[in-house]
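Note that our numbering has the sequence shown beginning at 1, numbered continuously upward.
Bear in mind the hints are in silico, worked out from the structure with no lab data behind them. Beta carbons: idealized from backbone N, C-alpha and C, even for Gly. Incorrect hints may have been included.
Claimed, not checked - Simulated restraints, written as ranges between beta carbons of each label pair:
no., residue 1, residue 2, range
1, SER52, ALA15, 19 to 25 Å
2, VAL37, THR58, 19 to 25 Å
3, ARG60, TRP31, 34 to 40 Å
4, LEU41, VAL61, 22 to 28 Å
5, ALA22, GLY55, 29 to 35 Å
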Amino acid sequence: MKCNVGGIDRGLRIAVGLVLIALAATGTVGWWGWLGVVPLLTGAIGNCPAYSLLGIKTCRVSKTD
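Please construct the entire structure, taking both the sequences and the accompanying hints into account.
Structure (structure tokens):
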């Protein structure tokens, strides 16, 4: 699995995911807040399946690509 999520993108995904999960855990938002797991995992792993399907890459291009 190659990295297709860059540094800023990863940081934003992790932050948004954590905020959504925290809001869902405290009951501030409904069940949909648990969807924050998706951006959290894609940010932590560094790979987004949707980006792969669409051919998007926000990480730096290495010389081996």
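Hint check:
{"no.": "1", "hint": "SER52 <-> ALA15: 19 to 25 Å", "result": "holds (22 Å)"}
{"no.": "2", "hint": "VAL37 <-> THR58: 19 to 25 Å", "result": "holds (20 Å)"}
{"no.": "3", "hint": "ARG60 <-> TRP31: 34 to 40 Å", "result": "holds (37 Å)"}
{"no.": "4", "hint": "LEU41 <-> VAL61: 22 to 28 Å", "result": "holds (24 Å)"}
{"no.": "5", "hint": "ALA22 <-> GLY55: 29 to 35 Å", "result": "holds (33 Å)"}
In summary, this structure violates none of the numbered hints.
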